[in-house]
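**Q** Sequence:
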Amino acid sequence: MSIDEALNVVYNYTISDNSILVELRAGEGLNQESYKLLIEAMTKLIEEYKDQSEVPKKLALCFVDISNYFYFHEGKYTKEEEELFEDAVHEISRLAEMLFE
411 MSIDEALNVV
421 YNYTISDNSI
431 LVELRAGEGL
441 NQESYKLLIE
451 AMTKLIEEYK
461 DQSEVPKKLA
471 LCFVDISNYF
481 YFHEGKYTKE
491 EEELFEDAVH
501 EISRLAEMLF
511 E
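Per our numbering, the sequence shown starts with residue 411, numbered consecutively.
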């Protein structure tokens, strides 16, 4: 995956109208394929930007308060599903922190 492809994956799956976050809030669940691709892209970008003092502004925007977007309305998902989503949120948040260390 190239850097441009990784950036596009992160943009599409975090801040677009078709993002993982939008799907979760709409009650569509977590698309595992999209989630895995997002993790792969974030890992690639961490490698690319780990020794640089700046990252693209739009990339930084993708992760500003990302955990706030993972609020689920009660009753939309089972307890097990919510726990799975929370694990995904923690992983995305952990990688976002690594990106900005």
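Just so you know, these hints were derived from the structure itself, not from any lab.
The structure displayed is predicted, hence computed values, not measured ones.
Positions of the beta carbon are idealized from the N, C-alpha and C atoms, including for glycine.
Errors might be hidden in some of the hints.
Once the Cα atoms are required to be at most 30 Å apart in a straight line, the calculated DSSO-like pairs of lysine-lysine come out as [unchecked claim]:
| hint | residue 1 | residue 2 |
| --- | --- | --- |
| 1 | K446 | K460 |
| 2 | K468 | K454 |
| 3 | K446 | K468 |
| 4 | K489 | K460 |
| 5 | K446 | K467 |
| 6 | K467 | K454 |
| 7 | K446 | K486 |
Simulated DEER-style distance windows between Cβ atoms [to be verified]:
| hint | residue 1 | residue 2 | range |
| --- | --- | --- | --- |
| 8 | D414 | S463 | 17 to 25 Å |
| 9 | K468 | T488 | 15 to 23 Å |
| 10 | E443 | S503 | 15 to 23 Å |
| 11 | E493 | Q462 | 32 to 40 Å |
| 12 | D497 | E464 | 24 to 32 Å |
| 13 | E464 | T488 | 38 to 46 Å |
**Q** Take the hints in turn and mark each one as holding or not.
**A** Hint check:
Distance check on the hinted pair: K446 and K460 sit about 21 Å apart at the alpha-carbon level, within 30 Å; holds. In summary, the hint linking K468 to K454 is supported, as the alpha carbons are separated by about 16 Å, within the 30 Å threshold. For the hint pairing K446 with K468, the CA-to-CA distance comes to about 21 Å; that is within 30 Å, so the pair holds. Pair hint K489 plus K460 does not hold up; C-alpha atoms about 36 Å apart against a cutoff of 30 Å.
Between K446 and K467 the CA atoms are separated by roughly 23 Å; this keeps the pair inside 30 Å, and the hint holds. Taking the CA atoms of K467 and K454, the gap is near 17 Å; set against the 30 Å cutoff, the hint holds. The straight-line distance between the Cα atoms of K446 and K486 is roughly 23 Å, inside the 30 Å bound, and the hint therefore holds. In this structure, D414 and S463 meet the distance hint of 17 to 25 Å, their C-beta atoms being roughly 21 Å apart.
A beta carbon spacing of about 35 Å between K468 and T488 contradicts the range 15 to 23 Å that was offered as a hint. Between E443 and S503 the C-beta distance comes to about 20 Å, which sits within the given range of 15 to 23 Å. Checking the proposed 32 to 40 Å range against E493 and Q462 shows it holds: the Cβ atoms sit about 35 Å from each other. Hint check: D497 to E464, Cβ distance near 30 Å, so the stated range 24 to 32 Å holds.
Checked against the hint of 38 to 46 Å, the pair E464 and T488 passes, with Cβ atoms roughly 42 Å apart.
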